Amino acid sequence: MLSDQALRRIVIVGGGTAGWMTAAALSRITRNGQTDLCLVESDQIGTVGVGEATIPPINGFNQILGIDENDFVAKTQATFKLGIEFDGWLRPGEAYLHPFGEYGLDINAVKFYQFWLKYAASHQLPPLDQFCLSAVAARKGKFLKPGDDPRSVLSTLAYAFHFDAMLYAAYLRAFAEARGVARTEGKVVDVRLRAEDGFIESIALESGEVIEGDLFIDCTGFRALLIEGALKTGYEDWTHWLPCDRAVTVPSARVTDPIPYTRAIAREAGWQWRIPLQHRTGNGHVYCSAHMSDQAAETVLMENLDGLATAEPRRLRFITGRRKQFWNRNCVAIGLSAGFMEPLESTSIHLIQAGISKLIALMPDRSFDPIERMEYNRLTGIQFEQIRDFLILHYTANQREGPFWDYVRNMALPASLEEKIALFRSKGRIFRFQDELFGEANWLSVLLGQGITPRTWDPMVDTMEPAAVLGEMRQIYDAIQGTAERMPSHQAYITRYCAAPPV
Amino acid sequence: MSPLPASQFDLFVVGDGVAAWMAALLMKRLQPGRAIGIAACDAAGPGRDDPVLVARPGFRALMARLGISEIDLLEQCDATFLLGTEHHLGGGGAFFQGCGAYGAPANGAAFHHYFLRLRTAGAPYPYDTFSLGAAMASQGKFIHPADNPRALESSFDYGHVIETARFRDLLSQTALSAGVVRTGAPVSEAIFTEGRIGSLQLEDGGHLEAGFYLDCSGPARTLWPDNPIQVLGPALLSQTARVDRAEQGSGNLSRALSTAGPSGWTSELALQSARVCQTFELADSEEANAHHLAAPWAGNCLALGRAAHRLSPVHTPFLALLERELDLLSALLPAEPGACEVEAREYNRRINETYARVHDFQTLFEIAIATRAGKSASAPSAPLARKLEQFRSRGRMVMYDEEVFSESEWTAALIGLGHLPERTSPLASAAPIAAVRANYEKLLHKIGQSTARMPDQLAYIAHMQKMMRESGGVDAV
Ligand SMILES: Cc1cc2nc3c(=O)[nH]c(=O)nc-3n(C[C@H](O)[C@H](O)[C@H](O)COP(=O)(O)OP(=O)(O)OC[C@H]3O[C@@H](n4cnc5c(N)ncnc54)[C@H](O)[C@@H]3O)c2cc1C
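Going line by line, the protein sequences match chains A and B. Read left to right, the first sequence gives residues 112 to 614 (this note's numbering). Read left to right, the second sequence gives residues 239 to 715 (this note's numbering).
The hints are simulated quantities; they were obtained by calculation from the structure and are not laboratory data. Some hints could be false.
Cβ-to-Cβ under 8 Å is the rule here; a few derived chain A residues that face chain B [said to hold, decoys possible]:
| # | residue |
| --- | --- |
| 1 | P481 |
| 2 | I482 |
| 3 | L534 |
| 4 | F544 |
| 5 | M571 |
What you are looking at is a predicted structure, and each value in this text was computed from that prediction instead of being measured. Where is the CB? At the ideal position from N, CA and C, for every residue including glycine.
In isolation and in its complexed conformation, chain B is listed as follows (with noise of 0.2 Å):
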């Protein structure tokens, strides 16, 4: 490949925040022979970024990727692991809602129709005491999961909370390094030609051009701000929300706190430092209506982050879509990018469909919240009418491609907020009762003694920063 001018490129990053350097340097370590410049543009004003970041379990996969590891998270980011949120829903109702297993399946039929039977026969446990990873969670207690599947400490996984300003500079100090161009001076617009971008204007009056466009530039969507979007539906919560940051004492570490207000939702995160609080309103407006770009990759062109989509923030999905977005694009990465129509559309069907399974998830919270409120909710979508119907009527869960919450997530949260099948599979009626209580019990007690034996996690991140001075190594967890 011979070298390009100054200012042409292969790839093309518009933005400056976690979006537009995620991608930059996702792109360069896929294809390091090509040349990927990135430049923010002063459109997108002062970030509206979340001041932290919630990462699901699948990012792990991401950062190897990106050559970033977990210490780096830890060290450099602030960041905890986490086991997931624990909602609390006013008048004393509370649930976990976590990636890992509750229960175990029996005879071809999920453990929540055995909860359910265990629940009619009047045994006193809330559904979340059959997961691990719920016990671990409300102690503030972390290991990493065993490798042996048949293990119970392999019935848990994590995500992690990430400081959002240190995340971006560790992302974009690594961009760097890696061979990322960052250019002077800001993109003010595009420059199209027959439906593609030709060139970018930048704001000191020169110009730059690259064979394909991704724009990071959050809601101002400065490459193609006409781009048509598609609505989902009003998104409840304002997205201008309260923060406030407080010292980080001995808390737990290990869980978010979910806590339904009068008219809204708080939510803490817990760093290493501190605990950010965030209030979200219920909107007052039809005008907050969540929405997507109708095709997000157009073209030469693909928008990524805030300025593909714009969702509730409840359960803060931001990254956990950018790392769909992205493991979408580099599995459909255009080699030539004059010819890419096909994965164009696959890429469009694929996100936007994610886009609308992640909307489904928050409706449902969202439902909660208005009801409580006393405010009328929206309609559901219809995949998940069906699947609210489904469950209601026989505990069926109904999973479509492209979800972003897992299964057992949506159990818990449909069980949580008081969705309860009528009636459970006939599987699950196979055993007597009492045989059914005695496993399961015998289970809630392996379950307390396996979390007995965990250390807190702020003892085990120190641990591991010390076994990683010990050794040198990186992967020396």
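Next up, chain A with everything else stripped away, as it sits in the complex (with noise of 0.2 Å):
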């Protein structure tokens, strides 16, 4: 059902990682003859260049598009991403895993963890990762494909990627250019707006050229030139929950094969991602300014590089936070313009999947009736407070000394997060709001891994006979541990399948 307001022209500004993926997604359904889809770039100001780690529901981006996984891999020099290691954040020297995927199996409706609570200690059992599938498979630089059987172990777990940010955004504009979608070079010196009612009415390309549209998308990163620059709507800063705010990063040479998780090493005063791809190491230093100089962060992050670097640094600025709104009048921002938190759950790349779907649930037509707009910002705040509260988890109960862990250890929390701390600590229960990105395991990885431990567990643990349960237990790690075992090594599974031309 078309209606005659349908939209004419829908204008994507920025090329990189969020305006590619947006005109990629968009082409499929401006198919109908009646709306143009054009993205204007400017290669004179480049992309951000970093991003480079996802999370599972990137499959699902990948699979509506209709993208070939093993051509995908080869041609973004991408590995498989089993979980992310947090090394260090709880005490110097520790390090736990957030694996993607499931722990064991749940028992008479029981959560596993649950008994994995009550019994552990006084049955000297494994680590709770090792009866998660995707952790003791990364571990051991394993990995395949999850099967299809819901019975099988191998169905729980759940994998993502890591991918050159560079070559990334260079597929999906071939994917999107092969649909129809018209690229225009130039940077965008003027925005107009209508006298009427200030929507956007059209762009101006430094060549003279002008670019009208009914609805403009802003993704022209940190910059926000439409939503904030043309249009003013403010932002919400979230500094003093998150105080990182600077960024180093460089390139390294590739020492060994890739494993198949992502590393985020806490350091004095923020932390330092490792990232393997096929041909590169990526690496960062995410710090927070109050607390350590620019130069001081770059030696940490030179020093800590476990091949040679093969560029120089690059330095990053950004401030933790959203927009006000995301939607606001025509213009919708989606990726570093809508709002930014750290990498450390590699979310952002998720956000602009998930603003993409939300957009297109949304479309509006020539009339904008607003609650269109009021739904999409309702829906994107909700999602970015409830990462925001995930991330924050990570830093609140460390052990740490030094000044930038002792602010981030005794800061208030948001009112969402102590409930839900709260909840856990009492009985272990972890309760998921609905779409919420974050589920039970994700946060019960790092609620543990920071040494946030329940008083008890689940009262009718209690009600089950221990050895049956220990048995159920011990079969279910034997399962685990097996299937691993047999899966292949993480370089030889992409040797196999998508290997990437060599550089």
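Hints in hand, dock the two standalone chains.
What follows is the structure, encoded as structure tokens:
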């Protein structure tokens, strides 16, 4: 049912990951002959060039687009990601994994981890993550795609990717252009607003070209050229909860076979990431400028590479927070222009994807009914806040020393997070809100990893016969360990199915 | 655990109806080692329970935890399998509201977008013809859903219609034999110390004490009569319904019927041996507000069932709510009754949202009834207004946390009540209409074939019972 009010033109400004993901996805719905889709980007400005680790929902995005996984992995120098290792976040020298996928199997409708909480100490059970296939495979450097059969242990595996950000944008660009998206190279120098309602009427390029549109998607990154520059939407600053505000990044040479997980290593005033790709390692140091100078941060990074740096380090600044409205008038901000949270859980690309699917569900027509905008802003706001809470959790319960870690340990928390932690402390309960990105297993790994332990377990555990329960736990353990053992190594899987051409 | 004196319990339930006995039994099953007591209270007076209860699909899991099998329900409570409700709106309009699937999504868009495209293109099929559950219900057929998620026969779900009095008896017998202790004298009131219940005063002058109390005394709220309430809005239909029982002939057992009259609503529910008709009138006074306790869990006392809420009788939501209440309680079960503020807050937050979402669903129907009767209807709550608005503008279904009614029921109800979207999802416009039509006509054909093969529900129940007797097992279906 197409209304005569259908949008005539959607203009995407910006050709980074956000711009090209949006273009690729919207090309599916603009092939109706009524709506024309174009993208403007400036080679002179370039992209932020980071954003290389993802989380499992990206598979849904690829599937909807009909992307062939092996082709995509080979062309973006990608590797597989089974989780994130947090090294030194609780105390220096201790590490835990946030694996994708579930822990064990429920027994009599009681969560597996509840049994583990009861028996771990008294029966010297292995650590909880030894009951999670993604975690066991990650530690062993193995990979295989999850199986379809829900009865098989292999179906509990979940994975995402690490990829080269520049190659990813290029890949999506080829995809979108092949589906009719017109690309214009040029720098936007002016944004013109309609006098009567302040809607964006057109953008003007340095060349003098003027591009009109009905809907504008702001994918201009931190610049936020349309949503902030032109529309002055306002920004909510969350630095008091997530105080890191700078990053320095550098690629380094590949030294070993890539591991199938991201590493996040706590540092004096922030943390360092290590992302293994097929051809190189991506590195970065996220830090708080109030507690560390740019030069010191760069030194920390350069002294902690596992291979030789292959380029000059790059410095970036950001303010953690969100745009007060993600959709304002006829402009929707997607990507860094919408807001930013540090890449601790690789959530930015997911927020791009989530923004796009909400936009498709709420696609306006030229009448721009405010209910579309309000609903988009409501849902996106909830999602930003849920992710924010999950990130803060990584900091709040640390037992590290130093002024930065003291600050984050003592700061006041959002009430929503306080309540979640209190429920967990009481009896290990975790409730997921509808559509919440991070579910029970995700929260559990970080809660336990950060040393937040429940006072006791679910009382229902006590009603079950210990010998039977322990026997079942043993079986689950054996099945997981056996399956992981039989999986091919991560590198062997890549070599067999999706090796990138040598660079 | 050392045995407690006869007048001391870990947990004490006040009430004598389905809520009370089910709560007592569940708590005993979850914590067999604890002393759980129960007593009636005279203040509750004669029960105003519905003559029949409607269970939703999730009820099966609860029954399994209670140790009550489907066969028990069929044999001892005159229960039937319920696939959904057929609504007759008057003037020939009718639709089916079931928990199962309608059609199938394609290219990332829900089925109803395709349905609307088909409709615009002149295809003559009502929305519910695309639901296997609706086809089965209209012909009184039943089988259990298939396990294989790819089979068409896995696309429906079912609940039950249950005779209240017999169900209550089954629950109480089971609870007593599981070790729940019934004390003799009824409870007259609770005695408070510092905002918590310290002990219960009994009619015979005695006292008893427990760590935690469940108030299942119905509207009397014996334990905490002045616990403040929160109003949801006017409940249009009066609670005092007329009930008619008729012998069950060879009628259709698989569906409920809801028929709108000039100034009210008639519902017809099928037991195996009888059909129960209830007529609800539009209430005249504003006094009939739908409400619930602002804090159903306060201190060491939790109110369940009609002690916690009073909602409109539309859709007979009592059992569905009880199921939610008990699920939440068992998820938040207090190990030490002394320290459960966090649990109580979480319980109240979630259950109050549940009450409000059920009230929204009822409001949808009450608006339709009131509009027919030429009365002014209450304004929808903000979440319901948003849902209506989003659906009308683009066929997008907004679902909240703590919904009881499923997305497919909401969609069927909105379409059935005439809230048709003005536009459809752009994702649904990719395939040419001829291909869409061919695809869904194939589904209709399969639904027809599948339904034709199925037995009538009465025959199916007889078959189940025969299998049971032959195998002597409980799970022999
Ligand atoms: C340090 C750091 C680490 C990160 N790590 C991760 C991670 O591991 N995982 C993850 O999911 N995300 C990560 N992110 C976030 C991720 O990088 C971004 O979400 C993603 O790259 C999208 O960026 P973007 O497309 O919005 O902006 P950009 O890449 O900055 O693109 C902006 C585009 O706008 C164009 N443009 C700007 N101004 C104009 C103009 N005037 N005229 C024309 N064109 C213009 C530019 O040319 C460019 O094409 C990280 C971010 C940072 C800062």
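Tested hints:
1. The interface hint given for A/P481 is violated, since its Cβ lies 10 Å from the closest Cβ of chain B, which is over the 8 Å cut-off.
2. The closest approach between the C-beta of A/I482 and any C-beta of chain B is roughly 5 Å, which is under the 8 Å cut-off, so the hint is satisfied.
3. Against a cut-off of 8 Å between C-beta atoms, the interface hint on A/L534 holds, since the closest Cβ of chain B lies about 6 Å away.
4. Interface hint at A/F544: satisfied, since its Cβ lies 6 Å from the closest Cβ of chain B, which is below the 8 Å cut-off.
5. Interface restraint check for A/M571: the shortest CB-CB distance to chain B comes to about 5 Å, inside 8 Å, so the restraint holds.
This entry does not satisfy hint 1, going by the numbered hints stated previously; all others are met.
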